[in-house]
Each structure stands twice: as structure tokens, then as C-alpha cells.
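Undergrad: Here are the chains, one letter per residue:
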Amino acid sequence: MSWIFAHIDAFRDSMRRLLQQPFATVLNVAVFGIALALPCGFYIGLENVARFSRQLTSEPQLSLFLTVNADAGDVKAIEERLTRHAAVAEFRFVDRSTALEDLKRASGMSDVLSELQSNPLPHAFVVAGRSADPDLLEGLRDEASQWPSVEHVQLDSEWARKLDAALRIGRLLVTLLGVLLAFALVAVTFNTIRLQILTRRDEIEVSKLIGATNHFIRRPFLYLGGLQGLLGGVAAWLIVAIAVRMLNRELASFGGLFGLSPSLGHMTLQQIGVLLALAALLGWLGAWMSVSRHLWRMEPR
Amino acid sequence: MITVSHVSKRYPGGYEALRNVSAQVEPGEMVFVTGHSGAGKSTLLKLVGGIERPTGGSVVINGKNITSMGRASLPFLRRNFGFIFQDHKLLFDRSVYANAALPLIISGFPRREIPRRVRAALDKVGLLDREKARPVTLSGGEQQRLCIARAIVNRPAILLADEPTGNLDAAYATEIIAMFKAFNQVGVTVVIATHDTALIRGLGARTVRLDHGAIAA
Ligand SMILES: Nc1ncnc2c1ncn2[C@@H]1O[C@H](COP(=O)(O)OP(=O)(O)O)[C@@H](O)[C@H]1O
Ligand SMILES: [Mg+2]
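For the protein sequence lines, the chains are E and B, in the order given.
Sequence positions in the first sequence follow my numbering and run 75 to 375.
Sequence positions in the second sequence follow my numbering and run 659 to 875.
No lab work stands behind these hints, which were simulated from the structure alone.
No residue lacks a Cβ here, since even glycine has one placed at the ideal position from N, Cα and C.
The reader is advised that the hints may include incorrect statements.
Claimed, not checked - Label pairs and their in silico Cβ distance ranges:
(1) E:LEU251 x B:GLU771: 52 to 62 Å
(2) B:SER726 x E:PHE97: 42 to 52 Å
(3) E:ILE78 x B:PRO773: 13 to 23 Å
(4) E:GLY339 x B:ARG770: 51 to 61 Å
(5) B:ALA828 x E:PHE97: 49 to 59 Å
(6) B:ASN825 x E:LEU251: 52 to 62 Å
(7) E:MET372 x B:ASP751: 15 to 25 Å
(8) B:ARG770 x E:THR342: 45 to 55 Å
(9) E:THR342 x B:ALA791: 55 to 65 Å
Claimed, not checked - Examples of chain E residues toward chain B, derived with CB under 10 Å:
(10) PHE79
(11) ALA80
(12) ARG274
(13) GLU277
(14) VAL280
(15) SER281
(16) ILE284
(17) ALA286
(18) THR287
(19) PHE290
Make the full structure from the sequences, and use the hints.
TA: Below, the structure written as C-alpha cells:
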């Protein structure tokens with residue numbers, strides 16, 4: 075039973091100490107909150123961009139342009155290849171004269187285009203891949219480029235592929251930022267706890283002399299560090315939530331102009347849980363290192 | 659109960675505070691450790707209490723060699739003693755009651771029994787009516803008695819007192835010694851370090867005299 079009291083004591087003690095110095099506590103919590111909100115915010119931003127790009131590329135497409143002098147036989151051969159190909163879900167043939175008519179209608183440049191001696195557009199195929207897997211589509215593109223009388227193959231989701239690579243780099247940078255800031259937060263806690271230890275060094279010394287274990291001495295400081303970290307995590311969550319809300323309001327009025335309704339997703343419950351646990355852990359770790367170093371220097375030799 | 663064999667202690671920095679010291683204390687004994695200032699009395703008590711570690715020799719308490727104990731066991735060893743420190747080591751930011759209760763809280767004593775035990779200890783040293791006071795408001799003699807209350811609150815079998823009468827006038831000093839005598843009479847083993855030889859004259863207690871870190875003949 076007594077160990078429960080020991081924990082309750084340590085918790086109360088650390089709460090009291092946080093409240094005793096409200097200004098320092100608010101500053102520490104703010105440092106934690108801001109430092110954690112940065113990687114979290116970027117992460118949430120990247121997640122949202124990734125979600126948008128998935129939505130936009132849900133129909134994987136390739137455009138296959140034939141050489142200008144390709145004839146009906148060549149078209150037939152390509153058709154056969156596409157029908158047999160495992161990566162192809164369906165395809166549509168766009169005749170070069172149809173394409174020219176479409177262009178005339180769409181561009182309003184029919185006069186200019188009518189002046190042309192010959193149709194500059196090639197026959198084309200619009201091909202839908204069996205899945206959005208970029209490797210599959212790229213394989214198909216590379217293969218189809220080698221086919222006779224195929225001039226050029228355009229991967230319509232190529233930009234998505236590039237975006238994907240950019241997102242990967244973004245995620246790496248966010249992780250790097252997160253790791254660096256985690257170190258900084260451990261260091262910050264180490265220092266604040268060190269100051270707490272200094273104001274209580276007599277108590278620690280006396281307690282040790284009359285038989286306190288290192289666990290006993292560490293406990294209130296671990297609670298203090300962990301609690302401070304946890305509050306910092308809550309602050310980070312609030313910062314991100316408020317930022318997302320504000321951005322969404324802006325996006326709503328901006329998107330309204332284009333008849334779109336884009337909106338950023340908030341952090342999921344699971345992400346919030348991870349954030350809070352990580353924040354508390356960082357505070358705990360900084361406190362643990364700080365007290366352990368102090369205790370180590372006190373050991374009799 | 660306490661066996662010190664060929665103990666030496668060299669402090670970091672090279673000063674040899676004790677050289678080849680051997681002594682023995684039987685259960686229920688009251689023993690004085692005397693010697694000039696700097697003779698090594700405090701060092702000897704700290705070695706026995708598990709507060710400092712010897713650089714040579716061995717200290718055996720109740721048949722257990724504490725010299726070879728790991729760091730993790732030292733706190734539990736220290737709880738066996740009531741230690742009265744030469745420099746008091748009271749906590750001035752908390753009450754008399756809280757100072758006396760500290761050893762019980764540290765050893766995880768049952769919560770509901772703490773007030774009774776603390777008040778019993780304060781009563782024994784005559785500080786029961788001062789439990790809410792801050793140690794700074796106590797006189798030198800009262801502070802010393804608070805140290806004694808804190809040392810006995812765990813009801814240890816061994817009391818180690820380092821200069822418990824230092825800075826006290828003769829009348830007060832005699833009173834404090836009488837208090838230790840009373841503890842000894844109910845079976846507590848008592849070891850007192852003091853440089854005040856006048857104090858122990860006529861008490862008939864055994865004396866271990868140190869001179870420059872060695873047992874004096
Ligand atoms: N922590 C320490 N570090 C270095 N020297 C010490 C330390 N404690 C005591 N000494 C030295 O050891 C010698 C014995 O000290 P001490 O045991 O306190 O003597 P006493 O209690 O008999 O006055 C002294 O010369 C003192 O300066
Ligand atoms: Mg001394």
C-alpha cells in the first residue's frame with residue numbers, strides 16, 4: 075500500500091511545484107508546445123497534401139502518342155498489344171482527325187487550324203492502368219515507348235510521382251526536425267529539473283543520508299518532468315488544432331472562388347495519443363538524466 | 659554488533675583520515691569515541707553508518723560485512739541506524755514535525771501510524787509542543803533535540819551521535835547525555851563521538867580514543 079502513497083505524494087508534490095512558479099511553468103510548457111507543434115504541424119500538412127494527391131490520381135492514366143505517319147495497320151497492332159497487356163485495364167483510341175476537330179472547337183482557333191496543310195496531330199490512345207501503383211505505370215510507359223510507331227508515352231500521374239518524392243523528402247525532414255527538437259526538449263527539461271534540484275539539494279542530501287533510495291528521490295522529479303512534458307504536449311495539440319481551424323477558414327473562402335471545398339484534416343485521436351505520450355516521455359527522460367547525474371555525484375566513494 | 663577491523667579511509671585528495679583502526683561495540687553498549695578535532699571521529703561514525711566507504715579494512719554490522727555491499731543496499735543499511743549529524747542537517751523550510759517524520763516517510767512506514775510515532779519521538783525529547791514551529795525558531799539545544807527525535811523515530815537498534823553536545827552549555831550537554839543514557843538503558847546500542855572529555859568523566863562508559871586517525875594506546 076505504501077508505494078501507492080509514495081506515488082500520490084510525488085504527484086502532489088510535483089503539481090504543487092508547477093503551481094508555485096506559474097510563470098516559469100507557463101514558459102516551459104510554451105517551449106514544449108511550440109517545439110512539438112512545429113514537427114506535428116508539418117506532419118499534418120504533409121499528410122493532407124498526400125491525401126489530396128491520392129484523391130487526384132485515383133485514376134491512373136497514360137497517353138500514348140503514335141508517330142504522325144502511323145497508318146491503320148499500326149493502330150491495329152498497338153490495339154492488339156494493349157488488349158493483351160496485363161497492366162492495362164482499358165483504353166480508348168483517339169483518332170487524329172477527331173483530335174483536330176476537338177482542338178478546333180475547344181481552342182476557338184479553328185481559322186488558324188484550318189489554314190494548316192496537314193493535320194499536325196498524331197493518333198493517340200488514352201490508357202487506364204490496372205492500379206495506381208507508380209511502378210506498374212512506369213513499367214508500362216517504358217515498355218510502350220519501345221513499340222513500333224509509338225512516338226511518345228506520357229504518364230499523366232507523373233507529377234503525382236514527383237509530388238510523392240517531394241513528400242518523402244518532406245517526411246524525412248520532419249522526422250529529422252522532430253528528432254532534433256526532441257533532443258532540445260530533453261535538454262530543456264534537464265536544465266529546469268537541475269534548477270529544481272539545486273533549490274532542494276539539502277532535502278535530497280538529508281534524505282539520502284537517512285536511507286532514501288534513489289527511486290524515492292527521483293520520483294517527484296520524474297513526475298515533474300513528465301507532467302511538464304504532458305502539458306507541453308497538450309499545448310502543441312492546441313496550437314496545431316487552432317492553426318488547422320484557421321487555415322480551413324481561409325481555404326473555405328479561397329476555395330469558394332473556384333467552386334471547391336478543400337479542407338485540412340485535424341490530428342487523429344491516435345496521433346494525439348502518440349504526441350502526448352511522447353511529450354511526457356521526453357520530459358520524464360530529461361528529468362531522469364538530471365536527477366541521476368546529481369545522485370551519481372553524491373555517491374560515497 | 660559493530661566490528662571495525664583494520665579500517666583505513668583516504669579521502670579523495672589524498673588525506674588519510676583513518677589508519678588501521680580496529681574496534682568493537684557489543685549489543686546494548688554505550689561507547690564514546692574521543693580525540694582532538696580532526697582525529698577522525700566523524701569519519702569513523704560515517705564508515706559505520708554506511709555514509710562513507712572505507713578504502714581498506716572491513717566494517718561488519720550484525721554479522722554482515724557492509725564494506726562489500728552494493729550501492730543499492732546502502733539506503734536499507736542506513737535505515738538501521740539513528741544518525742545524529744555533527745552539522746544537524748535539519749531542513750529549515752519545513753516544520754519540526756515534518757523534520758521528525760522524514761525517516762518514516764522515506765522508509766514507507768504505514769501512513770496512519772506516522773503521526774503517533776512522530777509525536778512519541780518529539781515527546782521523548784521534550785518538543786511535543788513545538789511541532790508546528792520552524793527549526794530556525796528553535797534554540798541550539800532544541801535543534802539538537804530535534805535531531806535526536808528524527809534519529810529515534812524509526813526506533814533503531816543503534817544510535818550514532820556525532821558531537822551531540824557541541825556548542826551547548828554544560829547543563830544542556832549533561833541533559834542530552836542523560837537522554838542517550840536513557841535510550842541505552844532500554845537496550846539501544848549508542849556510539850557517541852565527542853571531543854569534550856570533561857563531559858564523559860565519571861560516566862563509567864567505555865571510550866575509544868583516536869589520535870591523528872589511529873587508535874591511541
Ligand atoms: N569529505 C572530506 N574530504 C576530505 N577530507 C576530509 C573530509 N572529511 C574529513 N576530512 C579530513 O579528515 C580528517 C578527519 O576528519 P573528521 O573525521 O571530521 O575528524 P573529527 O570528527 O575527529 O574532527 C580531517 O583532517 C578532515 O579535514
Ligand atoms: Mg567531527
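Undergrad: Give a verdict on every hint.
TA: Now for the hints, and whether the structure bears them out:
no. : hint                            : verdict
1   : E:LEU251 x B:GLU771: 52 to 62 Å : 54 Å, holds
2   : B:SER726 x E:PHE97: 42 to 52 Å  : 50 Å, holds
3   : E:ILE78 x B:PRO773: 13 to 23 Å  : 19 Å, holds
4   : E:GLY339 x B:ARG770: 51 to 61 Å : 53 Å, holds
5   : B:ALA828 x E:PHE97: 49 to 59 Å  : 52 Å, holds
6   : B:ASN825 x E:LEU251: 52 to 62 Å : 60 Å, holds
7   : E:MET372 x B:ASP751: 15 to 25 Å : 19 Å, holds
8   : B:ARG770 x E:THR342: 45 to 55 Å : 46 Å, holds
9   : E:THR342 x B:ALA791: 55 to 65 Å : 56 Å, holds
10  : PHE79                           : 6 Å, holds
11  : ALA80                           : 7 Å, holds
12  : ARG274                          : 9 Å, holds
13  : GLU277                          : 6 Å, holds
14  : VAL280                          : 5 Å, holds
15  : SER281                          : 6 Å, holds
16  : ILE284                          : 5 Å, holds
17  : ALA286                          : 5 Å, holds
18  : THR287                          : 5 Å, holds
19  : PHE290                          : 6 Å, holds
Hint check: no violations occur; every hint is consistent with the structure.
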